[in-house]
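Colleague: Using full-length UniProt numbering, read the sequence shown as starting at 1 and increasing by one per residue.
Treat each hint with caution, since some may be false.
With a straight-line cut-off of 20 Å between C-alpha atoms, the simulated SDA-like cross-links for lysine to any residue are [to be verified]:
#: 1; residue 1: Lys140; residue 2: Cys59
#: 2; residue 1: Lys73; residue 2: Arg123
#: 3; residue 1: Lys89; residue 2: Arg138
#: 4; residue 1: Lys140; residue 2: Pro79
#: 5; residue 1: Lys140; residue 2: Arg123
#: 6; residue 1: Lys140; residue 2: Asn97
#: 7; residue 1: Lys140; residue 2: Ala75
#: 8; residue 1: Lys140; residue 2: Ile113
Okay, the calculated beta carbon distance ranges per label pair [unchecked claim]:
#: 9; residue 1: Gly20; residue 2: Lys99; range: 38 to 48 Å
#: 10; residue 1: Arg128; residue 2: Cys44; range: 56 to 66 Å
#: 11; residue 1: Leu40; residue 2: Glu126; range: 54 to 64 Å
#: 12; residue 1: Ile30; residue 2: Lys99; range: 50 to 60 Å
#: 13; residue 1: Arg102; residue 2: Val6; range: 20 to 30 Å
#: 14; residue 1: Leu23; residue 2: Glu130; range: 47 to 57 Å
Hints were generated in silico from the structure; no laboratory data involved.
Computed from a predicted model, the values in this text were never measured in an experiment.
C-beta atoms are modelled at their ideal positions from N, C-alpha and C, and glycine is treated no differently.
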Amino acid sequence: AYRTAVHASTGQTPAFLTYGRELRLAADIINKPPHAPHALGHPCFVTQTKEAHEVARRCLCLAHEHQKDYYDKTAHGLPYQAGDLVMYKTMPSLSANSKFYRPWDGLFVTSTILNDATCRIRRVGENRDEGFIAHFNRPKPCVARQPLCNKELEHAITPPVDNEIEITTHAKDSATHKRGQCKTQGIGSRH
1 AYRTAVHAST
11 GQTPAFLTYG
21 RELRLAADII
31 NKPPHAPHAL
41 GHPCFVTQTK
51 EAHEVARRCL
61 CLAHEHQKDY
71 YDKTAHGLPY
81 QAGDLVMYKT
91 MPSLSANSKF
101 YRPWDGLFVT
111 STILNDATCR
121 IRRVGENRDE
131 GFIAHFNRPK
141 PCVARQPLCN
151 KELEHAITPP
161 VDNEIEITTH
171 AKDSATHKRG
181 QCKTQGIGSR
191 H
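Build out the structure end to end from the sequences listed, making use of the hints.
Modeller: So, in structure tokens, the structure goes:
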């Protein structure tokens with residue numbers, strides 16, 4: 001049924017594009033088609049197949065543009081600014097074990113915003129001309145947990161601490177500890 005159905009993207013059936021003719025179905029045995037297909041000569045068959053493939057290519061290009069426009073309209077995400085830190089979602093390789101696969105890669109910085117849906121990103125520390133174009137649904141904002149030692153990313157370095165707190169600990173003395181009680185700090189439970 002799939003091979004004999006007309007596809008919206010190509011405008012033709014997969015069977016016609018593959019074999020150069022429509023397949024006969026079980027329903028065709030009961031109900032005779034109004035015109036029986038006749039055998040074409042080789043030159044006509046080749047010409048008809050080439051024309052069908054050309055029409056399918058044009059229809060696929062139009063369908064691709066239409067689907068991309070629709071996807072970009074309905075997709076949503078965070079808008080990025082040039083200089084934002086991001087992580088990039090990679091695709092797993094077929095040979096890799098999914099148990100050990102880590103979908104988010106490295107630390108990247110957005111170098112330029114190309115349009116509403118794409119931006120150019122590069123690894124931190126790479127040349128500004130290097131990098132690649134990514135659709136905005138693949139990167140995600142990165143929140144650095146540790147200070148970054150890179151002059152390029154000074155805004156991401158954690159600020160210095162204003163208040164310092166000194167914590168002192170008391171050494172345990174065997175005379176002050178009886179059955180889990182600590183008299184120095186006043187904590188513990190009575191048995």
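Colleague: None of the hints should be skipped; say for each whether it holds.
Modeller: Quick rundown of the hints versus the structure:
Under the criterion of a C-alpha separation no larger than 20 Å, the hint pairing Lys140 with Cys59 is inconsistent with the structure, at around 34 Å. Annotation: proposed proximity of Lys73 to Arg123 is violated, straight-line Cα distance about 28 Å (limit 20 Å). Between Lys89 and Arg138 the CA atoms are separated by roughly 5 Å; this keeps the pair inside 20 Å, and the hint holds. As the CA atoms of Lys140 and Pro79 are separated by approximately 10 Å, the hinted pair is consistent with the 20 Å bound.
A hinted pair counts as satisfied when its Cα atoms are at most 20 Å apart, and Lys140 with Arg123 qualifies at roughly 14 Å. As the CA atoms of Lys140 and Asn97 are separated by approximately 24 Å, the hinted pair breaks the 20 Å bound. For the given pair, Lys140 sits about 14 Å from Ala75 by alpha-carbon distance, which is consistent with the 20 Å threshold. With a C-alpha separation of about 15 Å, the suggested pair Lys140 and Ile113 falls inside the 20 Å cut-off, and the hint holds.
Distance hint for Gly20 and Lys99: a CB-CB separation of about 46 Å, consistent with the stated range 38 to 48 Å. In this structure the hint that Arg128 and Cys44 lie 56 to 66 Å apart at CB holds, the actual value being about 58 Å. The given range of 54 to 64 Å is respected by Leu40 and Glu126, whose C-beta atoms sit roughly 57 Å from each other. Judged by the Cβ atoms, the range 50 to 60 Å given for Ile30 and Lys99 holds: they are separated by roughly 53 Å.
Between Arg102 and Val6 the beta carbon distance is about 43 Å. The supplied range of 20 to 30 Å is therefore violated. Checked against the given bound of 47 to 57 Å, the beta carbons of Leu23 and Glu130, roughly 51 Å apart, stay inside it.
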